[in-house]
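Undergrad: Sequence:
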Amino acid sequence: MSLIAIIVFIGLGFAAPTGTHPFFYFGLAFFGGGAISLLFGGIGVVFARDRTPSSPSLDSQFFGGVRTMMMAMWLCALVMDGLGTLIVRAIAGGRGGTTPLSTGVLVIAFTVATVTVICAGVTAVVMRRRLRRG
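Note that numbering that gives the first Met the number 0 numbers the sequence shown so that position 53 is 52, with each residue one more than the last.
Keep in mind the hints are simulated off the structure, nothing from the lab.
Treat the numbers as computed from the prediction; the structure is a model and nothing was measured.
Where a beta carbon is used, it is the ideal one built from N, C-alpha and C, also for glycine.
Treat the hints with care, since some could be wrong.
[To be verified] Computed beta-carbon distance windows for the label pairs:
#1 R128 <-> S54: 41 to 47 Å
#2 R127 <-> D49: 14 to 20 Å
#3 P52 <-> V121: 23 to 29 Å
#4 I42 <-> G10: 22 to 28 Å
#5 S53 <-> V125: 22 to 28 Å
#6 L2 <-> G81: 38 to 44 Å
#7 R127 <-> L2: 43 to 49 Å
#8 G10 <-> R129: 16 to 22 Å
#9 V106 <-> S53: 34 to 40 Å
#10 L74 <-> R129: 48 to 54 Å
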């Protein structure tokens, strides 16, 4: 999911016409940051899945760290996509000049950002419950 979101947001960056307000690209970068945090959360889960048990104290610290990381990545996706939405809406609302993209394309960007946050939240909750406690 995060790879698809990154591809969509890169495409949106190339679709913006020249002369666009520079903060519009910062907004798209924040959307991409939310997708990257989802990707990092998935990488952490893959490492946790492939870990072989060693000592109980190290295992509990490791899986506790992965659980904390999952929640942090969900919060990061929430904050990044929220900031991206605020910046893009401010520019699309006319404060930054002309509207850089059509309304339909902006709706797609907001939808992909919302799906990214929902996927990161569901992944965080499920993985926090499924990972071993140590």
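Undergrad: Of the numbered hints stated previously, which ones are contradicted by the structure, given in increasing order?
TA: Failing hints, ascending: 1, 6, 7, 8, 9 and 10.
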